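2 protein chains.
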Amino acid sequence: MREDVQNAVNRVDQHRLWQRHMEMARIGAIPGNGVNRAAFSREDIAARKLLISWARARNFTVAMDAIGNLFIRRAGTDPHAAPVMTGSHIDSQPRGGRFDGIYGVLAGLEALEAIEQAGVKTRHPVELVAWSNEEGGRFPPCTMGSAVYTGARALSDFLEVKDNEGIALKDALAQTLAATPAAEKRELNAPAAAYIEAHIEQGPLLEQEGKVIGVVTAIQGLRWFNVEVFGETAHAGTTPLGARKDALREAIAVINALHELTRDASDTLRFTIGRMLVAPNSPNSVPSHVMFSVDVRHPDPATIARVGEAIESAVRNAAKRCSVKVTPTLHDDPCAFDAAVVDCVERAAQALKLAQRRMPSGASHDAMYMARVCPTGMIFVPCEGGISHNEAENARPEDLAAGARVLTAALLELADR
Amino acid sequence: MREDVQNAVNRVDQHRLWQRHMEMARIGAIPGNGVNRAAFSREDIAARKLLISWARARNFTVAMDAIGNLFIRRAGTDPHAAPVMTGSHIDSQPRGGRFDGIYGVLAGLEALEAIEQAGVKTRHPVELVAWSNEEGGRFPPCTMGSAVYTGARALSDFLEVKDNEGIALKDALAQTLAATPAAEKRELNAPAAAYIEAHIEQGPLLEQEGKVIGVVTAIQGLRWFNVEVFGETAHAGTTPLGARKDALREAIAVINALHELTRDASDTLRFTIGRMLVAPNSPNSVPSHVMFSVDVRHPDPATIARVGEAIESAVRNAAKRCSVKVTPTLHDDPCAFDAAVVDCVERAAQALKLAQRRMPSGASHDAMYMARVCPTGMIFVPCEGGISHNEAENARPEDLAAGARVLTAALLELADR
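Those protein sequence lines, which keep their order, are chains A and B.
In this text, residue positions in the first sequence follow the working numbering: the first is 18, and each later residue adds one.
In this text, residue positions in the second sequence follow the working numbering: the first is 18, and each later residue adds one.
None of these hints come from the bench; they were simulated from the model.
Treat the hints with care, since some could be wrong.
When chains are identical, the list treats them as one kind, so a pair holds in a single copy or across two.
Said to hold, decoys possible - Below 20 Å or equal to it, Euclidean Cα-Cα: the simulated EDC-like pairs (lysine to aspartate or glutamate) are: (1) K179 <-> E40; (2) K337 <-> D284; (3) K66 <-> D188; (4) K262 <-> E401; (5) K138 <-> E182; (6) K337 <-> E277; (7) K179 <-> E201.
If you're wondering where the values come from, they're calculated on a predicted model, not measured in any experiment.
Excised from the complex, chain A in its bound form (with noise of 0.2 Å):
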């Protein structure tokens, strides 16, 4: 390893890590260790201050584009070189963990920081970016942020998307970007050199066979879909069930027939059903209108492409007394992941001596859109059992440290590229 690269990676500090962590779970800590920090929230601009105040302290400029996307850059010496990116997302689930996003953010903010108390040089600038609503537990779909910027998706699309409580996506994003009067615009679809992104593994495997880094290869396929119901509702005292469009009771034939569809034995695939609403979701009353989603999720092209397709008919054919609607939300391909980025982050960990492994990643990232765009990686550190998206979520503090010094080592390379 370089002197100056070392350098830089001694300068990642566990201990200021993990503070910040711990600083960052303060915004909408919930009982039981969670996180509650929904996209465009009180809690979600409160967080993306805080980030801000520790980037001026460093006077890294800071931006923003028209979807809230933040970027806070450390300049290059080549003013014509696109920014070597890193970074991750600053919303959380409902019920969601310290970790799952934020690490990347703070993991990309200490390396920044790291190679500016080591004071290298780098041609290309270094650039941490915080995704908007990667979740999309609160507005649907996930990986907004990235979707919009890397232009696979047009914001236009997602301006009218209401949350549970009916506020729009629009009006949520308006306060947001006028929480932060001072960052610089930003253009969407501007180009980057090359992505890393460091999130926990949100499943057991590094744990269980005791790997500190994992080098991310590849992201399965996901596709996402909204299934409405429409019936009628009327007295459940005086209305016979013969006489009834309930559905309710017509969802559930049709989830029925969802579960028939994605058996499958080697427990491959993930089918879930994670949000429902039911109206007008009174106990006298025959539903009327139920909503809900579907999450399924594959590795093999092939097969993620066979069940997607197979959605809106299993639906149909299901609905016996009521119309329904079926709406795709999101569908990613299967992403495979730069070899020379691979490369790059598998080299790192060698030369630092950690323990690390090759792998896919069950989740999606917002790396998997800046794949589209650019030579793109991912480096995976370990959680505690796999358990994510729970407040129970946890990690090691040095396991992260890792994680920074890893990054740290991998922007460096590719900076002077």
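Based on these hints, arrange chain B on the given structure of chain A.
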């Protein structure tokens, strides 16, 4: 028919009664001619104030009890006689109509005004009551005001009940009580000489048979339960299905079992799941908690007892990976009305030469609780297509007035006993 009774009946004003329905329907109006007037909401309070303004214009006395039941009294000649009561409720389903509940209130007010305008003296006071929270759509269970007034349930049982926004009943109730400070204080459990409730049928029978008046003889039995399923949230992309405790998947297995339990070839049994709440309700988080309501009804005491008793064990047997909790929230045995009151209603309809039939009620009503403490009956009038608990609920002005005339005559007969 006695001449003074006929005078009072003649004073029932179809136009006034209809206009008041339309005026009330503007409070909480929703698209499609519907009404959303939740118990103890701003709309409920506004409707109460409007009703009180009409009562005060006739110098009727106004009182409220601890659960917000609203009493409007025309004095009798015997200061020791308990009131002959009539009434129904102001609150509506979230997507309710313009007649359910409010008809019985406005028909009662029409009767009081007609009696007052005719100058008929009665031995008993004649009293209108608007029961609090009959629907239970916001704060389960239903028929809460009459349950507490008659001592069937304690007010303290309900104070901590929360609506879907987390607002406690005690706070919404306190706001309602504070909004009408001029009302006298009425004690719970005060005696009543008799009770007659007028209501739209909420079923198709009267319309199909061309009848104007339903002489209600009984109410079918009803059981309510809240079923909770406790699982564990986890990441939808990384957690194998075999490792999940998915509360929604388990709830669906439970509901499938309940559908089996409640299968009835005669279509007499009513089984409804009207309310369901999923947490954390995010598309890419495995649900950790599901709550759903069960409403089951049958006119036969043995059948409703057998099904009601079997609910909990069916739930427990179907739940394999998650823990469950079954909470009975309402238990109303089938209720037969007082023969003398039923006869009195029938005689009044006959005297007014209105096409009528005896019939049981499929829906529950506050009359069920009043039947436990005094001689009680009900009057049904037709509603279009039997549709209720739906914005499309409709009724004809002449049928509403006919019901108010029968009510006036029956109240006067009972008030001189």
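_Cα distance capped at 20 Å. Does K179 pair with E40 within a copy, between copies, both, or neither?_
neither (30 Å within a copy, 33 Å between copies)
*Should K66 paired with D188 be assigned to within, between, both, or neither, using CA atoms and 20 Å as the limit?*
Answer is within: at 19 Å inside a copy they meet the 20 Å cutoff, but 36 Å across does not.
*Between K138 and E182, at a C-alpha cutoff of 20 Å, which is it: within one copy, between copies, both, or neither?*
neither (48 Å within a copy, 54 Å between copies)
*Measure nothing new, just compare the shortest in-copy and cross-copy C-alpha distances for K337 and E277 to 20 Å and report within, between, both or neither.*
both (17 Å within a copy, 18 Å between copies)
*Have a look at K179 and E201 and pick one of within, between, both or neither, based on CA distance no larger than 20 Å.*
neither (28 Å within a copy, 45 Å between copies)
*Indicate which option fits the pair K337, D284 if close means a Cα-Cα distance not exceeding 20 Å: within, between, both or neither.*
Between copies, since 18 Å is at most 20 Å while 30 Å is not.
*Measure nothing new, just compare the shortest in-copy and cross-copy C-alpha distances for K262 and E401 to 20 Å and report within, between, both or neither.*
Only across copies: K262 and E401 sit 18 Å apart there, 46 Å inside one copy, limit 20 Å.
Going down the numbered hints, you'll see the structure goes against 1, 5 and 7, while the others check out.
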